[in-house]
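2 protein chains.
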Amino acid sequence: MKRAVVLLSGGIDSTTCLAIAQDLEFECFALSINYEQRHSSELNFATRIGKEFAVIEHKIININMSEIGGSALTDMSIKVPEQQSSTIPVTYVPARNTIFLSLALGYAETITAQDIFIGVNAVDYSGYPDCRPKFIKSFETMANLATKQTITGDKIKINAPLLNLTKAQIITTGNKLGIDYSNTVSCYKAAANGAACGVCDSCRIRSRGFAVSGVVDPTIYRI
Amino acid sequence: MKRAVVLLSGGIDSTTCLAIAQDLEFECFALSINYEQRHSSELNFATRIGKEFAVIEHKIININMSEIGGSALTDMSIKVPEQQSSTIPVTYVPARNTIFLSLALGYAETITAQDIFIGVNAVDYSGYPDCRPKFIKSFETMANLATKQTITGDKIKINAPLLNLTKAQIITTGNKLGIDYSNTVSCYKAAANGAACGVCDSCRIRSRGFAVSGVVDPTIYRI
Chain A
1 MKRAVVLLSG GIDSTTCLAI AQDLEFECFA LSINYEQRHS SELNFATRIG
51 KEFAVIEHKI ININMSEIGG SALTDMSIKV PEQQSSTIPV TYVPARNTIF
101 LSLALGYAET ITAQDIFIGV NAVDYSGYPD CRPKFIKSFE TMANLATKQT
151 ITGDKIKINA PLLNLTKAQI ITTGNKLGID YSNTVSCYKA AANGAACGVC
201 DSCRIRSRGF AVSGVVDPTI YRI
Chain B
1 MKRAVVLLSG GIDSTTCLAI AQDLEFECFA LSINYEQRHS SELNFATRIG
51 KEFAVIEHKI ININMSEIGG SALTDMSIKV PEQQSSTIPV TYVPARNTIF
101 LSLALGYAET ITAQDIFIGV NAVDYSGYPD CRPKFIKSFE TMANLATKQT
151 ITGDKIKINA PLLNLTKAQI ITTGNKLGID YSNTVSCYKA AANGAACGVC
201 DSCRIRSRGF AVSGVVDPTI YRI
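Residue numbers (the numbering used here), protein chains in the order written: chain A, 1 to 223; chain B, 1 to 223.
Please note that a few of the clues may not be correct.
The list makes no distinction among identical chains, and a pair is therefore deemed to hold if it is satisfied within one copy or across any two copies.
Stated by the list, open to error - Dumping the calculated DSSO-like pairs for lysine-lysine here, alpha-carbon to alpha-carbon at most 27 Å:
1) Lys189 to Lys148
2) Lys79 to Lys148
3) Lys137 to Lys155
Hint data in this document are derived by calculation from the structure and do not stem from the laboratory.
With the hints as extra help, turn the sequences into a complete structure.
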C-alpha cells in the first residue's frame, strides 16, 4: 500500500478528504496543526476522527501563529464576521495553506510518502488565494525541488480532491463513503464541545451545504 | 523605506544576510524559528544580533518539529556526524527551508513586506536540496500565488544574496559591512553559551571559511 499524509482539521472537508484517501487504498498518516486558532475544539474532533478512521499515525504540530496574527482566527482582537464579505474575509490566515502543506511535506519525507491530501476547495472559499487550483499546482512543482526524496526520483503529488466541488457535493461524497458528520466541527467560534454559533461564515456554508445535499444536518448549535 | 522579513538563525549566513538587507536600505523585520533544534543557543544569539542591528521587530515562532523528526538536529536519537558525508548528511532537516520560508511569507503578508531574505548558499551545502537556486526560484513563483497581497498586484521576492558565495566570501562580505562574528554561532552542538564543538560539519565549514578569508576567527571552542 502507498502512504499518504492527510491534513486533518476536524472539519467536513478534511474528513471527507481522509475518507477519499482511504477509499483510494492509501495508508493514511494524519497531520493536524494547532496554530493557536480560535476554534481549538477542532483538534479534539480531529483526534476523534483519526481514531475512527484508524489512521496509521496522527501527529499534531504546534505553532504559535498568533505571533504573526493578521487574521480573525489567530488574533483575538479581530472579530469573526457574521455577515458574508464581498472581498477576502478577515478569517483568511496569511499563508496558512502554504505553511500547512510545507509541514505535510516534511512529514511525508520522514515517512517516505509521496502523496499529500488537502481538503481545499475553490468553490465556497473562492476568495482565499491559497485555495486556488493554480496555487496547489505551483506548490506541487516547488515541492518536487524541495526534498531529499525528490532528488532520488520520487514524485510528490498534492491531492486536492475537493477542489472543484461545492459544499453540498462534498457532503454527498462523504455520506456515500459512510462519514458520520456529527464527528466534525466547522464553526469558527465553536464551544469546547463543538457546539456551533450558527452565524459565522463557516457555519452558514456548512448549513447550506447540508440543506442543498439533502443529507440530515447533525450540527449542534449553542442557541 | 521598503520592508523586508529576514530569516535569522544566529549563524554567519543569516547575520550576513541581515547586514546586506540593511545595507540595501530595507526596514528589517527579523524572524527566528525555534524548531526544537539541538543547538537552541542559536536563538539567544539571534536575539542579541537582532538588538545589535536594531531591527524593527524580532518574532520567534515555536514549532515542535521533533514530532516529525527525520534529522540529527531534531531527533536526539540520531547522532551528529563528525566526518564529512559524500551524500546528503543526516543534519538535513526535512523541508526545513520550505517551512521557514512559508512562515516568513505569512509574516511578510501581515506587515505588507514584499521582500524575504534567506541566507542559504549552494556552495558549501550543495547536498541540501532546499539550498539550490532552482528551489528558491520555484518557491518565489509559488509565493506569488499564495497570498492576498499578491492578488492585489504586489510581487513577492525571495532574496538569497549568498546563494553563490563560498563561506569565505560570505565572511569577507560581512566583515566589510562591519559584522562582529563573535556574536554568531554555527556549531550543531553548541553549548548554552555558544561554545563550539569544533568537529561537526558546521564547525569545520565555519573554521575553514575564516581561514580562507583571512578574517580572524572569533569562535570559542569547548576544548
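Checklist entry - How do Lys79 and Lys148 come out at 27 Å by Cα distance, when the copy is not named: within, between, both, or neither? => result Classified as between; 19 Å across copies, 42 Å inside a copy.
Checklist entry - With identical chains treated as interchangeable, where does the CA-CA distance between Lys137 and Lys155 reach 27 Å or less: within a copy, between copies, both, or neither? => result For Lys137 and Lys155, the Cα distance is within 27 Å both inside one copy (13 Å) and across copies (19 Å).
Next on the checklist: At most 27 Å between alpha carbons: which applies to Lys189 and Lys148, within, between, both or neither?
Outcome noted: Between. Shortest inter-copy distance 23 Å satisfies the 27 Å Cα cut-off; intra-copy 40 Å does not.
Comparing the model with each numbered hint stated earlier shows that all of them hold.
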